[in-house]
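Student: The lines below spell out each chain.
2 protein chains.
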Amino acid sequence: MQGNMMQRQMTLTDVMRHARTNYPNQEIVSVTADNPAHRYTYKESFTRAAQLASALEKLGANAGDRIASLAWNDYRHFELYYASSCSGMICHTINPRLFPEQIAFIINHAEDKIIFTDSMFVPLLEALSDKIKVEAFVVMTNKENMPESKLANVHCYEDLIASGDENFSWPELNENDAAALCYTSGTTGNPKGVLYSHRAMVIHSYASLLPDVFDLSATDVVMPIVPMFHVNAWSIPYGAAAVGAKIVFPGPKMADGETLSKLINEEKVTISAGVPTVWLALLTYLRQTGINIPSLQRVVSGGSACPWSIMEELEQKHDVYLHQAWGMTEMTPLGTYNARVSTNLPPEKQKALRLKQGKPSFGVELRIVDEKGNELPRDGVAFGALQVRGYWIIERYFKQTESALTADGWFDTGDVATLDPDGYMTITDRTKDVIKSGGEWISSIELENQAVALDGVAEAAVIGVLHPKWDERPLLIIVKDGSKELEPNEILASFEGKVAKWWIPNDCVFVEEIPHTATGKISKKDLREQFQNHQWTQEIEK
Amino acid sequence: MQGNMMQRQMTLTDVMRHARTNYPNQEIVSVTADNPAHRYTYKESFTRAAQLASALEKLGANAGDRIASLAWNDYRHFELYYASSCSGMICHTINPRLFPEQIAFIINHAEDKIIFTDSMFVPLLEALSDKIKVEAFVVMTNKENMPESKLANVHCYEDLIASGDENFSWPELNENDAAALCYTSGTTGNPKGVLYSHRAMVIHSYASLLPDVFDLSATDVVMPIVPMFHVNAWSIPYGAAAVGAKIVFPGPKMADGETLSKLINEEKVTISAGVPTVWLALLTYLRQTGINIPSLQRVVSGGSACPWSIMEELEQKHDVYLHQAWGMTEMTPLGTYNARVSTNLPPEKQKALRLKQGKPSFGVELRIVDEKGNELPRDGVAFGALQVRGYWIIERYFKQTESALTADGWFDTGDVATLDPDGYMTITDRTKDVIKSGGEWISSIELENQAVALDGVAEAAVIGVLHPKWDERPLLIIVKDGSKELEPNEILASFEGKVAKWWIPNDCVFVEEIPHTATGKISKKDLREQFQNHQWTQEIEK
Chain A
1 MQGNMMQRQM TLTDVMRHAR TNYPNQEIVS VTADNPAHRY TYKESFTRAA
51 QLASALEKLG ANAGDRIASL AWNDYRHFEL YYASSCSGMI CHTINPRLFP
101 EQIAFIINHA EDKIIFTDSM FVPLLEALSD KIKVEAFVVM TNKENMPESK
151 LANVHCYEDL IASGDENFSW PELNENDAAA LCYTSGTTGN PKGVLYSHRA
201 MVIHSYASLL PDVFDLSATD VVMPIVPMFH VNAWSIPYGA AAVGAKIVFP
251 GPKMADGETL SKLINEEKVT ISAGVPTVWL ALLTYLRQTG INIPSLQRVV
301 SGGSACPWSI MEELEQKHDV YLHQAWGMTE MTPLGTYNAR VSTNLPPEKQ
351 KALRLKQGKP SFGVELRIVD EKGNELPRDG VAFGALQVRG YWIIERYFKQ
401 TESALTADGW FDTGDVATLD PDGYMTITDR TKDVIKSGGE WISSIELENQ
451 AVALDGVAEA AVIGVLHPKW DERPLLIIVK DGSKELEPNE ILASFEGKVA
501 KWWIPNDCVF VEEIPHTATG KISKKDLREQ FQNHQWTQEI EK
Chain B
1 MQGNMMQRQM TLTDVMRHAR TNYPNQEIVS VTADNPAHRY TYKESFTRAA
51 QLASALEKLG ANAGDRIASL AWNDYRHFEL YYASSCSGMI CHTINPRLFP
101 EQIAFIINHA EDKIIFTDSM FVPLLEALSD KIKVEAFVVM TNKENMPESK
151 LANVHCYEDL IASGDENFSW PELNENDAAA LCYTSGTTGN PKGVLYSHRA
201 MVIHSYASLL PDVFDLSATD VVMPIVPMFH VNAWSIPYGA AAVGAKIVFP
251 GPKMADGETL SKLINEEKVT ISAGVPTVWL ALLTYLRQTG INIPSLQRVV
301 SGGSACPWSI MEELEQKHDV YLHQAWGMTE MTPLGTYNAR VSTNLPPEKQ
351 KALRLKQGKP SFGVELRIVD EKGNELPRDG VAFGALQVRG YWIIERYFKQ
401 TESALTADGW FDTGDVATLD PDGYMTITDR TKDVIKSGGE WISSIELENQ
451 AVALDGVAEA AVIGVLHPKW DERPLLIIVK DGSKELEPNE ILASFEGKVA
501 KWWIPNDCVF VEEIPHTATG KISKKDLREQ FQNHQWTQEI EK
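Respectively, the protein sequence lines represent chains A and B.
Note that the working numbering has the first sequence beginning at 1, numbered continuously upward.
Note that the working numbering has the second sequence beginning at 1, numbered continuously upward.
By construction, these hints were calculated from the structure, which means they are not laboratory data.
Here the structure is a predicted model, which means the values were calculated and not measured.
A hint or two may mislead.
Computed list of chain B residues with no C-beta within reach of chain A, every gap over 12 Å [claimed, not checked]:
| no. | residue |
| --- | --- |
| 1 | Q7 |
| 2 | P96 |
| 3 | T259 |
| 4 | N292 |
| 5 | L322 |
| 6 | K349 |
| 7 | K484 |
| 8 | W502 |
| 9 | Q530 |
Covered by chain A, according to a simulated footprint, are these stretches of chain B (three or more residues, beta-carbon under 8 Å) [stated by the list, open to error]:
| no. | segment |
| --- | --- |
| 10 | 31-42 |
| 11 | 201-215 |
Ideal Cβ positions, reconstructed from N, Cα and C, are used throughout, including at glycine.
So here's chain A without its partners, still in its complex pose (with noise of 0.2 Å):
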């Protein structure tokens, strides 16, 4: 029997609507190139997110075409946003930080109509221009700061804004329409591309609201320092626009600790999101001048994993919690978020929990495999392959008719992690870079862990190379700072105590450099082709 509830469509339309007409005064602030400190309201910036619509169509663009965007974290980015969904476009970020061929790959695969780019992005696409194939583009600035450009058939943003109609009619959409599309920065292969549907989005916005996710109100202040261009800033444009917070967006300046304390301090940040690396130059510039940030409350921190003292000196210094977050590209990007732990707990036990990539919200759900796709058990020991379904989860990649998913609807994420009984997650390795030693499996980073501890050493690596008798076994590779002589056996031998005796490298190399990947990882790919043919010196007991 069902029930008897409107079947009213979920979109990012309903976001709008809800943020101007309950929240129309609220204020979103953006640094951008043409200018440092541009302020107005929702509603000021939903009216021109019409006219911007209604200029899309003129330029003959229909539902279902993919408008791209390379560009900053602003208001004109943010007007693109819902201009492009909620007319039935779909809103394609590119991340400009990817290989030049690599933006052209996925230019062509998304046959992209129209791209709107900030102006320092526009080198990059006459470089491109005779590789790739769009009727338009649109440089996201004024009439007075466009850039000398051999594009061809480019507009300037502003004309536009003024050319569209602010009356135009939304059409009404089914929830399921696709909203947005963005690739995965694949390490390897070619990027594919994740896309979103209305329905999808609405309800991870819902999910990373919750008082135990982004905990975001009317009366915050959340300025995304996750780039526009990957993963929709992790949702945070469309969620701040569901509870009606105000909206802090940093412009080019991301990586800026100056750019980054001002607006915190002028603007009354109450809360932020970011990967690690955007936190260690904040904290330096604020070490480095004095600065305090009174007004901000808790950081998300997600992309990878995040080191203590960073945490540490965050809370110690400033006051500042930070959560650490999970997700993929894969799952709009949010799986688990690592909300306040109790202060009842030994600090010890803290840190501990605080260290994972926290709990699933309410939503999506998590399980961990053995090779053969039998559940282990959630007892915080054993892992696995990490595997999610749930509302915001992939079925398949973009232009693909084949399911990504496992033969029974789950999504497998390439990460190896454990699962405690009360719903913590932690990540523990790369499916790949696992290392399987007679068919069971140890964690490379585990490992990793514990080499880079140890004095003398500069950077560590661990890989799985073939052995005659146990499938793998762990290499250990240390790239030595200088400060102390290291011996091999001594190296190894740290080991004993720390993790089970089958899992201690059989060998320890010391190499110059090890290889790295464009985004700054370590390339096992690579490691793995260098020592392909390691000649073991030493053998392991079971």
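The hints should help you fit chain B onto chain A, whose structure is shown.
Tutor: Positioned in the frame of chain A, the structure of chain B alone reads:
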């Protein structure tokens, strides 16, 4: 173009599984008739819910069957909520405070298959037994406390649990499947059923949890004093599970200041929800005993407008913030919520805002319309019929084929309200009580509020009475408290300068008593009958 995300169905089963997996050891504490201090965990609760679902199946209940309850707020009722809804059956809560004839009507109209009842309602059901047709009764107690009963086919709840299989396999449900049924306590005509879908209840739960609404987190201890027998206790039993909050159920002791204050202090309750009379009872008890309730931070008040005196006393004496909320059975029930207002505002402005019904949560939209259905301005002055639409609003009543909505898809609430430019809604009247004078509307509630504030007035009602020139004119009806001589002309003169001149009632009459409805409200229907032939003594110039 459609998005490529998973089509996971939103169901209460997900809520249950989320709490069981991630908050297994969180507590649920209950007062019941057979145990004043029952305590267990979510894990135990949902294990018993599985046993109960299995036992229901053995009793012959199937998907779509209505499983009714006549019960207070406690852990067994909580188990029944999940056991019935998550097995595809429909959890039909019945308000035991209705007239017996209404209860019989509801049971028969719903075609309830099994009725779960607290021991104290057994006599009520016995008295109705020849008027209703159900297959079985279950008394929600253990063997030792089973009452003697003349009911046919009676089971003991704990025996049923013992007979069930804790490995019951929950079915995969569709989100549009019906999950629960609740009848309105209509003042006119027969009660009407609202059949909630899983989808509506899950989205409603998300919205109810937001920081500017109930603001529930895993560290909260929530005590719902709103009955689980009406509109699912404002969805707290679902919301609390979705975030892993501790729940405290007061059982039959819903209006008992002693029990409530004891539970607050012993269980460290942080948030509670109830109607204004509950807060009055609690405050009276605290005043008499000098007891404090330091753990309690905030309460939600709904059902009727809360007097300022209660809000003031809670805040000034106990540092408890009272939030007004407004909703309806047809709205699952949440419509608006009055979030914490800024303490930067002048006290009088804060008070004025807090006396409003609040702002809509994201997911529900409000509008006010005139008699022709034209939308009225959101200026805080114009008032009209309040209409709503959204993700958890009724489309039609149970067993009715025709829509309950306007031609353009809105539900008319039967309330008259203003909307201000910042989204705040204020109820000014019920549509059927508003006075239509010369084509314009006069708010009976506003006039009553003025009158009842006068010295010597015990109670006041204002109704519209036919008038040859103006269609209707307001008649003021007063019960004196005997403390002062009152003159009709003097009373009418007191309105001058406080309301528009044409709002001032044409007459004032004194009566010994004003008639009330079963739920304690002024019966305007009876007053209109009583005064239908009233002879006007005063004229009005408009």
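Student: Which hints, by number, does the structure contradict?
Tutor: 1, 10
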